[in-house]
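Please assemble the complex out of the two chains, which come individually in their own frames, going by the hints.
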Amino acid sequence: MVFSSLLFLFRFLPCVLILYFITPSCMKNTWKNLVLFLTSLVFYAWGEPIYVTLMLFSTVVDYINGGMAGYFIKKENKKAAKFFVFLSIIINLSLLGVFKYTGFIIDIWNAVTGMGIKAKELALPIGISFYTFQTMSYTIDVYRGDAKPEKNIINFGAYVAMFPQLIAGPIVRFKDISLMLRERTITAEKLSYGSLRFITGLGKKVILANQAGELFKTVTAYSAGNLTTAAAWFGILMFSLQIYFDFSGYSDMAIGLMAIFGFEIPENFNYPYLSKSITEFWRRWHISLGTWFKEYVYIPLGGSRKGKLRTFLNIFAVWFLTGLWHGASWNFIAWGMYFCFFLIIEKLGLLKLLHKLPAFLCHIYALIIIYGGWLLFAWEDITHHKIFVKAMAGITEAGFVNKNIMYVVASNAILLIFLIIGSTSLPAKAGTWICSKNEIFANLLKTLFITAVFILSVAYLVNGTYNPFLYFRF
Amino acid sequence: MKRFSRLIPALTFFIMLIAGLSAGILHEEHTYSSAENRLLQKFPKFSVKRVLNGKFQKKYETYLSDQFPQRDSWIKFQTAAEKAFGKKESNNVYFGKEGYLLEKYTDKDFNKKIANRNINALEKFVKQASKSADVKVMMVPTKTYTLDKYLPAFAETYDENIFYSKLEKKLPDNVLVPVYDTLHQHSNEYIFYKTDHHWTTLGAWYGYSSYCTACGKDIETAEAKKKFKKVSDNFLGTTHSKVNMHSQKDEINIYEPEKEIKVVYNLGEKTENTFYQTKYLKKKDKYSVFFGGNQALLEISCAPKSKKTLLVIKDSFANCLIPFLAEDYGTVVVADMRHLNIGMSMLLRKYQPTDVLVLYNTMQFMQDKEFAVKP
Numbered sequence: 001m002v003f004s005s006l007l008f009l010f011r012f013l014p015c016v017l018i019l020y021f022i023t024p025s026c027m028k029n030t031w032k033n034l035v036l037f038l039t040s041l042v043f044y045a046w047g048e049p050i051y052v053t054l055m056l057f058s059t060v061v062d063y064i065n066g067g068m069a070g071y072f073i074k075k076e077n078k079k080a081a082k083f084f085v086f087l088s089i090i091i092n093l094s095l096l097g098v099f100k101y102t103g104f105i106i107d108i109w110n111a112v113t114g115m116g117i118k119a120k121e122l123a124l125p126i127g128i129s130f131y132t133f134q135t136m137s138y139t140i141d142v143y144r145g146d147a148k149p150e151k152n153i154i155n156f157g158a159y160v161a162m163f164p165q166l167i168a169g170p171i172v173r174f175k176d177i178s179l180m181l182r183e184r185t186i187t188a189e190k191l192s193y194g195s196l197r198f199i200t201g202l203g204k205k206v207i208l209a210n211q212a213g214e215l216f217k218t219v220t221a222y223s224a225g226n227l228t229t230a231a232a233w234f235g236i237l238m239f240s241l242q243i244y245f246d247f248s249g250y251s252d253m254a255i256g257l258m259a260i261f262g263f264e265i266p267e268n269f270n271y272p273y274l275s276k277s278i279t280e281f282w283r284r285w286h287i288s289l290g291t292w293f294k295e296y297v298y299i300p301l302g303g304s305r306k307g308k309l310r311t312f313l314n315i316f317a318v319w320f321l322t323g324l325w326h327g328a329s330w331n332f333i334a335w336g337m338y339f340c341f342f343l344i345i346e347k348l349g350l351l352k353l354l355h356k357l358p359a360f361l362c363h364i365y366a367l368i369i370i371y372g373g374w375l376l377f378a379w380e381d382i383t384h385h386k387i388f389v390k391a392m393a394g395i396t397e398a399g400f401v402n403k404n405i406m407y408v409v410a411s412n413a414i415l416l417i418f419l420i421i422g423s424t425s426l427p428a429k430a431g432t433w434i435c436s437k438n439e440i441f442a443n444l445l446k447t448l449f450i451t452a453v454f455i456l457s458v459a460y461l462v463n464g465t466y467n468p469f470l471y472f473r474f
Numbered sequence: 001m002k003r004f005s006r007l008i009p010a011l012t013f014f015i016m017l018i019a020g021l022s023a024g025i026l027h028e029e030h031t032y033s034s035a036e037n038r039l040l041q042k043f044p045k046f047s048v049k050r051v052l053n054g055k056f057q058k059k060y061e062t063y064l065s066d067q068f069p070q071r072d073s074w075i076k077f078q079t080a081a082e083k084a085f086g087k088k089e090s091n092n093v094y095f096g097k098e099g100y101l102l103e104k105y106t107d108k109d110f111n112k113k114i115a116n117r118n119i120n121a122l123e124k125f126v127k128q129a130s131k132s133a134d135v136k137v138m139m140v141p142t143k144t145y146t147l148d149k150y151l152p153a154f155a156e157t158y159d160e161n162i163f164y165s166k167l168e169k170k171l172p173d174n175v176l177v178p179v180y181d182t183l184h185q186h187s188n189e190y191i192f193y194k195t196d197h198h199w200t201t202l203g204a205w206y207g208y209s210s211y212c213t214a215c216g217k218d219i220e221t222a223e224a225k226k227k228f229k230k231v232s233d234n235f236l237g238t239t240h241s242k243v244n245m246h247s248q249k250d251e252i253n254i255y256e257p258e259k260e261i262k263v264v265y266n267l268g269e270k271t272e273n274t275f276y277q278t279k280y281l282k283k284k285d286k287y288s289v290f291f292g293g294n295q296a297l298l299e300i301s302c303a304p305k306s307k308k309t310l311l312v313i314k315d316s317f318a319n320c321l322i323p324f325l326a327e328d329y330g331t332v333v334v335a336d337m338r339h340l341n342i343g344m345s346m347l348l349r350k351y352q353p354t355d356v357l358v359l360y361n362t363m364q365f366m367q368d369k370e371f372a373v374k375p
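Quick note, the sequences are listed as chains A and B, same order. Under the working numbering, the residues of the first sequence are numbered 1 to 474, in order. Under the working numbering, the residues of the second sequence are numbered 1 to 375, in order.
Simulated from the structure, these hints should not be mistaken for lab results. Keep in mind it's a predicted model, so treat the numbers as computed, not measured. Where hints are given, some of them may not hold.
[As the list claims (entries may be wrong)] Simulated pairs of lysine-lysine, BS3-like, Cα-Cα distance not exceeding 30 Å: (1) B:K270 <-> B:K369; (2) A:K429 <-> B:K2; (3) A:K429 <-> B:K83; (4) B:K166 <-> A:K403; (5) A:K217 <-> B:K242; (6) B:K166 <-> B:K227.
Okay, chain B solo, but in the shape it has when bound (with noise of 0.2 Å):
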């Protein structure tokens, strides 16, 4: 026994290796990987040439570790690994308190010219666009910033207070909806996912609040709004992706309209009569429920007809919140100008609204290489 245990310590090395031979090779390909979103590296092309300039050898190793067996469960492994050790960030998330992941911004994460085009393209429609219509500007804090009290100790974020103090001396007065403020005060609550960086349709609620406040409409109608229907409990979202760890899952509700509403998507493309697109909660990308994801255009008309109209530009911040705003308007247009090939201008002429609101997320709004180009 005592000659036998001397072996133990090898034999167990070198059945490990043997096993991740046999379990390689046995492994079958995968094409995708839906955790990391991207095709994964297949058994690269061999030939002598290939090899001589050493991109067999290359891409073999990229193939390797893209197709090791359990790929996910080691990577989730070895985050747990690494918030064992202390490790309060991975891959520019922070592991917060109470299950919240949260990205992590730095001034690095956009470009100052861009940011600084956006602002100035934002002043000349805001100015373009109070000729004929009472206009807003809500820009929606990020969860890191607006959540920081459940940041590690003394990590830091980008101040997006630099961004913010920026745009209200650019803009006229009463423009700017006090979102921050708003959704800073209620903190406490389930105003963000957790594993996603959007807010959640509460979050969206306050905000919708704030802006009625900004309108000086009637709270009544807003407060009557706060009622949600919980359609799911296992959402996983992109912040959780940049991680891949074991986390808490988070809901998503929903917000049922009391009026009939028309949606009508992309010109025409298709027409529904809800916000929602169900079929997403099934999928990973669970936050496409509101409106099916990002659609370039939207035209919501609501009965009994009204005569205001509504134009809102905005990203996918938005699009929890847009049914909120549905019944308030005769028609509201939601157009996102990534996907949409004509300008804000044109937009404003040929919708004629009453009503304008810009709404985006401060970094996303920073980071927009489409917001200032088109006419």
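Looking at chain A on its own, in the form it has when it is part of the complex (with noise of 0.2 Å):
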């Protein structure tokens, strides 16, 4: 199940709402936690009931790792309590493995043997890529002593499967929010915030990502032939949008849910596109992954205290395995590569340089660079990278611009500039700025926005679904 869909609008969140409302919040709310775990698992099962199995399989091993690896370290046996650990790790990364990376794995087998191994295509289980790590985290952090063991299984099933954040994060450590699900307050605050937030970031995704995403699908279905200069960096142009509109919507989505339900978590976004380095990119990009990947591969790899060489050898671990962690293809590697590069390089001296130069040219550098960078990413195949690279250089025989793309931007001018303004920190300010003048003012400010965004994602979600049959008796 999906947010962005009227069975999730229309049917679920109503009901979930409810039965979490009407579900009184004694015994710890552990009652509430209840709720939400078995919803979780009924949205979880919507589109692949037997995947459920393995979201549950990954909770009770996790809970078992957890507790024991609790255990042993107040027993003070590091060593009992590593092996814990070490099975979370190992039997996380095999379900990710299995699961998302067979198929590549075998291509690579196939390519370097030149064996013909054919492999059942499985259906990636959604969010597979973000309980793993959710779970691990959970073991890392009670070994750690980061966070204490927890008891109740509900509370933890509540935690690994959480809808909210269960098919496109934010990745929530459990030290975040192990005390939540003991003591959490609703307040008409929160629950304001919260459906704003939510329908902020429905709006992103339906209104905003959608078109975006259509728009770049035009330009990259054209031939050769039409793609002109002016079009590929349109079309590139387009998929740095969508996939931060799309992206970021969702963990806006996330968010809000959390809060209507009493949960504050970690915010996964920072308007990356202000960036003025790469280096900032990252920390205002996929925040929850970025931070996951810092404490649990980073730092217990030595991070930057061992020397350089080593540092750099860690960041490359790292930026593979980001990479990697997007999809089990070549690009995405390459992508992730990519930023180890600049990454390095920034470290080596070019941040120290860049603070030296006028803001607008830092912000120049770190967009070109983040541009090359969804470049690589937005496909998997290599002969739309090559078409698409010859066209922005300017070698293409459709000239730099034609009537063709002079018609899409002309007729999408006002969502380009609702995209690029809504990308960009400026509509945040000033809506702060107007709701700091009168409270009452700004709740119904609110509700306005509420209401208006809300029914035009639904009828931009009804139209989705459109479909006259024609048959024109010609």
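Dropping the structure here:
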């Protein structure tokens, strides 16, 4: 199930809200957590009912591993505790490996050995990249003493399966919400903030990201003879905006829903396109993933404390994994390596140089590098990369610009303005400024925004299914 | 008040969600959508097996969107929003100037193989028919190509001239009726419906007058027929169905013959003395007022009987032009190859026409899978 669907908005979510709010918060929220756990399982099972067993398996395994690690830590038997941490890591990575990377590994194997092994394609269980990382973080946090083991399997199940952040993050570490699982307050402010945040995310996804995606698709479908330089640049711009609004929209919806249920979870995006360097970009983009890799890979490997060479090796390891995490394909690994390269260059002194330059030059530098990154990220198949790189460099028989792309840009000018301004902090700043004047007025304004964006999003969702059968009777 | 106001945004959101849920549950199931011209998904069959393999869930989501309360209004609202967003098209229909909805055609809309096969078959047929009859071919350009001045800025559509010049090379001189030139000259007039892909009766009359000129006929006869009667002013055609938005409605006009005519439908299925089936004016598909839509075979005779017989091989664009032709011939035989089981050569042998007219819309001709296949 996805948030941006009529099913979620008008069946699943209202039912969950009714159930959640009529359930008493006694017994330290256990009953409420049970509602969250069970409804999350329904949410998860909707698309691929069989895979719910996978999630239950991961839940039980890490409940036991975390519990055991905690038990042995208490007994000061670090070795035994470590064993359970490794067990957790091995089981979770195996799950990921089997379901996400089998095809990729077999392809590599075939390419190297010349064999023609055929693998049965497994459908990727949704959210597996997220919940395996979450459950691993639990056992590790317990081992490190950053969190207490969760004795109540309902609470732990609610943490793993939590539907708001199940399919697209943010990745919430156990220590971030372990206390909230037992004690949380639901206030009018939180409910309204959550609603506003959810609707913002919904609008970003349904109205902005989907339209940008359509335009990206239009340009991708151009034949090489029609792909002008302008069209190629425009296409990648649309992809950059689509992926930002799509992903950050999902995060907004997750954070909003969690706030409605009384949780506060960390932010995942902080206007990444306002970055002045790549180092900064990765502090603003998919923050929870960056934090995860930093805490559970980079720092355990020694971080930057073991000399320059070792630091670069650690950075390399993190970015190889980050690339691979995004998908089982070479272009994602190349994408990770691409950023690794610029991060190391920046560490070697470029960052210092950038600080001396005027801000707008830094912005241009960062945006161009990010742009190049999305060019790598956009397709798994290299044929598109070749055509687009050539066209962007001006090597195309279609020329710099033609009527076709002018029509596309002209008829989407307003959308373009919304997309570009929407990816900056301007709307949020303007909102805060207007709302700082008078509280009642601010709340009415928020209500108006929620109503308008909600209605518009629903119209887009309904229209997405408009499917006229036109027998023309020629 | 201040404290309560903090709850209003959340309350509004929850009320909208629950209102959507209740409206959906109370909503009476529709089986058919006239706007989309298709059956709607009903509540799917439930069984444990269907849930486990995901079939039930898939169907249920289709059911939710198909049965969404006020579905058509939501769709209209979204199209209006898109228009406000500055969008110039929806579902491959351009929002043209002055309320014209114009279909967007690209070379992906037809199969080049089929188009070439049809051109070759037409060439062969013209050669064969020319032995005994005066043959003309009229390829009516699409609305979008003819009325290109109503297109949004920079918008493009398939260049039908590519097809046209190919045809010109294949056919003998003076066979092609230069209908595009005539129509394009009159593109200020109401020659195409704003919401339908067909030409209007006036457009068809220009087609008829070009035909008369091409045949070397007296233009006065044609001029005398330029008088129409309005029979409808609330027609929304197929182009409108594609976008389903608020649009200006179209008029339908008809030409009423002076002479007495007789129309025999499909070899005696029924006989009438009018071209028009007015019952369709009350239905959605109002263009079917002309002969009740596409018929396989029409035999139209007119008193006093002349010796000339015209065979028309046609698609739906001919339906509103035939009334003009009927009085000029003793018999007009109208054949729609898509609904007929016999080929064009057979028709020549059976009816021994003195004149032959092949009348198609360019795009429909290029897409027609039936044209070349029957002997």
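- [ ] Output the numbers, in ascending order, of every earlier hint that fails for this structure.
- [x] 6
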